[in-house]
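Please take these sequences and the hints and turn them into a complete structure.
Chains as they are written, first to last, in our numbering: chain A, 7 to 382; chain B, 228 to 357.
Just so you know, not all the hints are guaranteed correct.
To list a few chain B residues with every Cβ distance to chain A over 12 Å, as calculated [claimed, not checked]: (1) THR256; (2) PRO257; (3) ILE258; (4) TRP328; (5) ASP334; (6) LYS335; (7) VAL336; (8) GLN342; (9) GLU346.
For each label pair, taking beta carbons as the anchor points, the in silico distance ranges come out as [stated by the list, open to error]: (10) A:ARG236 <-> B:ARG320: 42 to 48 Å; (11) B:ARG290 <-> A:THR119: 42 to 48 Å; (12) B:VAL264 <-> A:THR79: 24 to 30 Å; (13) B:ALA353 <-> A:THR33: 34 to 40 Å; (14) A:LYS109 <-> B:VAL264: 25 to 31 Å; (15) A:GLU198 <-> B:ASP327: 28 to 34 Å; (16) B:ALA353 <-> A:TRP98: 21 to 27 Å; (17) B:ALA317 <-> A:SER9: 41 to 47 Å; (18) A:THR308 <-> B:ALA317: 46 to 52 Å; (19) B:GLU339 <-> A:ASP122: 47 to 53 Å; (20) B:ARG290 <-> A:MET7: 53 to 59 Å; (21) B:GLN326 <-> A:LYS323: 32 to 38 Å; (22) A:LEU118 <-> B:GLU339: 57 to 63 Å.
Source of the hints: derived by calculation from the structure; they are not laboratory data. Predicted model only: the values in this text are computed from it and were never measured. A virtual CB, placed ideally from N, CA and C, is assigned to each residue, including glycine.
Listed below are the residues making up each chain.
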Amino acid sequence: MSSVRVLVGTRKGAFILCADGGRKNWTVSGPFFAGWELYHLKASPLDPNRIYASQCSGWFGQLIQRSDDGGATWNPVDNKFAYNGTPGTHQWYDGSAHPWEFKRVWHLEPSLTDPDTVYAGVEDAALFRSTDGGRSWHELSGLRGEGSTANTHAQQWQPGAGGMGLHTILLDPTNARRMYIAISAAGVFRTEDEGATWKPINKGLVSEFMPDPKAEVGHCVHHVAMHRERPDVLFMQKHWDVMRSDDAGENWREVSGNLPTDFGFAIDVHAHEPETVYVVPIKSDSEHFPLEGKLRVYRSRTGGNEWQELGTGLPEKDCYVNVLRDAMAVDSLDECGVYFGTTGGQVYVSPDSGESWMAITRDLPAVLSVEVQTLA
Amino acid sequence: MGHGASVFTGQINKENWGDKTVDPNAAPTPISTIRVVLPFHLRTLARVEGDVELAVQNPVTVRQVLDTLESRYPMLRGTIREYETGERRAFLRFFVCEQDWSNEPQDKVLPEAVQSGREPLIILGAIAGG
Numbered sequence: 007m008s009s010v011r012v013l014v015g016t017r018k019g020a021f022i023l024c025a026d027g028g029r030k031n032w033t034v035s036g037p038f039f040a041g042w043e044l045y046h047l048k049a050s051p052l053d054p055n056r057i058y059a060s061q062c063s064g065w066f067g068q069l070i071q072r073s074d075d076g077g078a079t080w081n082p083v084d085n086k087f088a089y090n091g092t093p094g095t096h097q098w099y100d101g102s103a104h105p106w107e108f109k110r111v112w113h114l115e116p117s118l119t120d121p122d123t124v125y126a127g128v129e130d131a132a133l134f135r136s137t138d139g140g141r142s143w144h145e146l147s148g149l150r151g152e153g154s155t156a157n158t159h160a161q162q163w164q165p166g167a168g169g170m171g172l173h174t175i176l177l178d179p180t181n182a183r184r185m186y187i188a189i190s191a192a193g194v195f196r197t198e199d200e201g202a203t204w205k206p207i208n209k210g211l212v213s214e215f216m217p218d219p220k221a222e223v224g225h226c227v228h229h230v231a232m233h234r235e236r237p238d239v240l241f242m243q244k245h246w247d248v249m250r251s252d253d254a255g256e257n258w259r260e261v262s263g264n265l266p267t268d269f270g271f272a273i274d275v276h277a278h279e280p281e282t283v284y285v286v287p288i289k290s291d292s293e294h295f296p297l298e299g300k301l302r303v304y305r306s307r308t309g310g311n312e313w314q315e316l317g318t319g320l321p322e323k324d325c326y327v328n329v330l331r332d333a334m335a336v337d338s339l340d341e342c343g344v345y346f347g348t349t350g351g352q353v354y355v356s357p358d359s360g361e362s363w364m365a366i367t368r369d370l371p372a373v374l375s376v377e378v379q380t381l382a
Numbered sequence: 228m229g230h231g232a233s234v235f236t237g238q239i240n241k242e243n244w245g246d247k248t249v250d251p252n253a254a255p256t257p258i259s260t261i262r263v264v265l266p267f268h269l270r271t272l273a274r275v276e277g278d279v280e281l282a283v284q285n286p287v288t289v290r291q292v293l294d295t296l297e298s299r300y301p302m303l304r305g306t307i308r309e310y311e312t313g314e315r316r317a318f319l320r321f322f323v324c325e326q327d328w329s330n331e332p333q334d335k336v337l338p339e340a341v342q343s344g345r346e347p348l349i350i351l352g353a354i355a356g357g
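Now the structure itself:
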């Protein structure tokens, strides 16, 4: 019988939640790396036992851990993320030039074709790759413009309130040379040559906080999601606005529709329905919690614009948690399961595409990320 | 020797390895056994219990001790000193014989009490920060 393994990164360690396909009875393992921030864990789609984890702390810096047995045991691999050449500068909050400084790994994205290849999105925004299972990391510096014919305006990038992190990495399953990445607060970028050169793809995004609301770069993109069968169709949760592109990011249009608020962080796509999208509306950029204290997921089955409120099993009142950008995921069981974790330490699952929800666990440290493996 | 202490013998001095001008009858470079106290999370990371004992070539400086420590426990690289600068990470401090050595040059020779193993080099994490 199929089963699921949920990989949860929190502010004080990692947890692994397991259940069979019924997704009703769960075991909770952890904390792994207790006391450390586990920003993100993700498994190789080719080897379910191979999992990479970003472990960090303000005291001791960055580590990368790797498991080869499905999370039972872990070993540290290389943790040196050195920018190529002279890193240069980007904009600081006050507009001054600020040197590029590595702070942490925000997101790990294992390759679709090789379990030893994995990408790392880091802060200050850059993209790294390992091709030896994490034993060494090398920057794909074309993104920041080094040696690239495409002008990605890296000198103009500016951090968002949470730092200038490269938080989204999407690999096109139909084209090994194409990737999308997203940065707060620079925008979305696409490569067609495996990361050698990049192009900003932010046309159609409007950000009123910017001097030029339609600038080519500078948008605070919170997360981007894609269905593997439609790699040209992208969904974005921005700092205000839910957006959609049907042409690989060349053009974006707003699909917030009837959402009660279109601020939020997480966004994901149903495993089997490319037009079914999930978001967690958050009140505003000043108040990072659900409207009226009611935790709700919204689902669109039309690729946006028409959204349905989903709340069965979720808190009806007094709930003031947030759901961070990497803290939502879906499994690929026949009845798609949807998962999300909150800053209040809860991890919720819906075994029926969002119709009903239950808490897998309620008292973890603040959840930073959620990923799900579907195991045969 | 501390309870559960781990001992590592320092590396051969690569500067004279294979050097035909080195006098084969010369006395070997003295080695001191140094104790290092790691903060909890780094003990866990390095999978050690108690103090770490290292055989460090003289002259024994903070840099020598840390180089030896990181050579023996590669997973500690980047967790005590910044990769980019080689300097102590901001939220860690070094203590020697009840003195704060955090801002001392790393090439300063450690006191005899540390070199003899009577006193450890303490690497301490800041308490603040939750």
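- Which hint numbers doesn't this structure obey? Result: hints 10, 15, 21 break, sorted rising.
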